[in-house]
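K.L.:
Now for the letters of each chain:
2 protein chains.
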Amino acid sequence: MNDRPAPSSSKAQAIVAEVRRRIVDREWRQGDRIPDEAALAIEFGVARATVNKALQMLADEGLLDRKRRAGTRVTVNPARKATLTIPIVREQIEGAGMIYHHRIVSQKTALAPDEVAQRMDLPPGRMLIHLQTVHYGDAKPFQVEDRWINPVAAPGVELVDFQRINPNEWLVRNFPWLRADIEFRAENADARDARLLDTRQGTALLILQRTTWNDLGAITAVRLAFRPGYSLTASP
Amino acid sequence: MNDRPAPSSSKAQAIVAEVRRRIVDREWRQGDRIPDEAALAIEFGVARATVNKALQMLADEGLLDRKRRAGTRVTVNPARKATLTIPIVREQIEGAGMIYHHRIVSQKTALAPDEVAQRMDLPPGRMLIHLQTVHYGDAKPFQVEDRWINPVAAPGVELVDFQRINPNEWLVRNFPWLRADIEFRAENADARDARLLDTRQGTALLILQRTTWNDLGAITAVRLAFRPGYSLTASP
DNA sequence: GCTTTGCTTATGTCTAAACTTAATTATACT
DNA sequence: AGTATAATTAAGTTTAGACATAAGCAAAGC
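The listed protein sequences derive, respectively, from chains A and B.
Residue 967 is where the first sequence starts when you use the working numbering, and the numbers rise one by one after that.
Residue 967 is where the second sequence starts when you use the working numbering, and the numbers rise one by one after that.
Don't take every hint at face value.
Put simply, identical chains are the same to the list, so a pair is met inside one copy or across any two.
Unchecked claim - The calculated DSSO-like cross-link candidates involving lysine-lysine, where the alpha carbons are at most 30 angstroms apart (straight line), are:
(1) Lys1074 with Lys1033
(2) Lys1074 with Lys1106
(3) Lys977 with Lys1019
(4) Lys1106 with Lys1047
(5) Lys1047 with Lys977
(6) Lys1019 with Lys1047
(7) Lys1033 with Lys1019
(8) Lys1074 with Lys1019
(9) Lys1106 with Lys977
Think of the hints as simulated: they come from the structure by calculation, not from any bench.
Keep in mind that this is a model prediction, so the values were computed, not measured.
Sequences and hints are given; from them, build the entire structure.
P.N.:
Set out below in structure tokens:
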């Protein structure tokens, strides 16, 4: 129900819960300065480091604002954060109890279009691998993937048989990334999307667009179009 | 470019960076067990607690898997996490240098429809406040909000003048929540969406649906429809 | 062979104490 | 008054040491 790391029962967790309660019950109002770490340490009978850990968690969550010397305040307008897990398609499909398979619709080496080169911070004129893949769950199309891979940052990509392992899994297993851009959007299905996803042109699709980099430059830029009606869940 | 909490320069941060480098450079491969905290503490010349902090950060990020006694391993299939900040509409619009205003299209007390009652975990037959709002940036529609508010969990809601303060801001400032459900979806604009967002019926819209609870029960359930073409950015 | 039991180990958590650093407040100076 | 400077404070970080706990391992028992 709350943060990931938390193994539920620990002094720090208990403090997190209690502070959260005080905020929700409005004992501590938005903008209020709360007692300092030393005071809370005495109140809860723990070391200051433990209070520090608890308050840091709440600050990461966006519920508290902390500044050196100025103290800790309850965030006034918490622009709350949500964490979303971007799963591996296959695991997602199999996790839902369906049979997974994928199909490479097209694979070729091609000049990066301007739009792609720009997204990947590459000079124009680079040759990239272009892959189009459909992922199926129980033989029904689940996701359409349009991917460009940079062989400079992902050496060996030319030799992979993507019929056997899908492009995402191969990349994820072989090229951890340092930085990524992730973007969500809604788009009306074009003719190709519609055909591959077995739906009508114009249907609203959830689009995830992601570009990843390692120390050698952009690894890959991908556009994922989910099947109509798909919804993505985020946890606060 | 990386984690939120990080104050950039600290021993723990340096360790995070170095471990990340070793993973990216494949000195430590996926599935490999890495040296234990004690060994890394000696290697980096710091206390074990410092190594622990650094490795915890990387584990939270999903790059490492840690288990008691079993040691720490590089995650095999990192289902990476992304954080998205759900901003206050007004701040978002003003932050983009536009003039913000909102318009309450309708406000009434009404019986919760089944679908809404279910989403809010409420027994059927509850009276809720139903609000429809359009948020504008420079007089162009930016977001359409369809909201149900539970007066039991948000007492005082009946007395608020939502022409003056928009529903979201009032709620956020007065009723911090404990738990939330957040969901993203794409939908084709219906007639009402199209009219309010000044677009054509059928246009693909990004939809954010969110329900929040405090200790008194569900506070509010809201469906936000963003203007066509809007994209949401997440950071890893 | 299979299961149980206990030992061992790596991480998880906490503590007390120290030092660092940003930011506020007070003070002295112009 | 306005500005520069120093003192103070609260959070940020680190350390060394301790104990807790889950999980792997091996020996003993069935």
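K.L.:
Each hint needs a verdict: does it hold in this structure or not?
P.N.:
Hint check:
no.: 1; hint: Lys1074 with Lys1033; result: neither (53 angstroms within a copy, 42 angstroms between copies)
no.: 2; hint: Lys1074 with Lys1106; result: within (25 angstroms within a copy, 43 angstroms between copies)
no.: 3; hint: Lys977 with Lys1019; result: both (10 angstroms within a copy, 17 angstroms between copies)
no.: 4; hint: Lys1106 with Lys1047; result: between (33 angstroms within a copy, 27 angstroms between copies)
no.: 5; hint: Lys1047 with Lys977; result: both (24 angstroms within a copy, 27 angstroms between copies)
no.: 6; hint: Lys1019 with Lys1047; result: both (19 angstroms within a copy, 22 angstroms between copies)
no.: 7; hint: Lys1033 with Lys1019; result: both (15 angstroms within a copy, 21 angstroms between copies)
no.: 8; hint: Lys1074 with Lys1019; result: neither (51 angstroms within a copy, 45 angstroms between copies)
no.: 9; hint: Lys1106 with Lys977; result: neither (48 angstroms within a copy, 50 angstroms between copies)
Violation of the numbered hints given earlier is confined to hints 1, 8 and 9; the remaining hints are satisfied by the structure.
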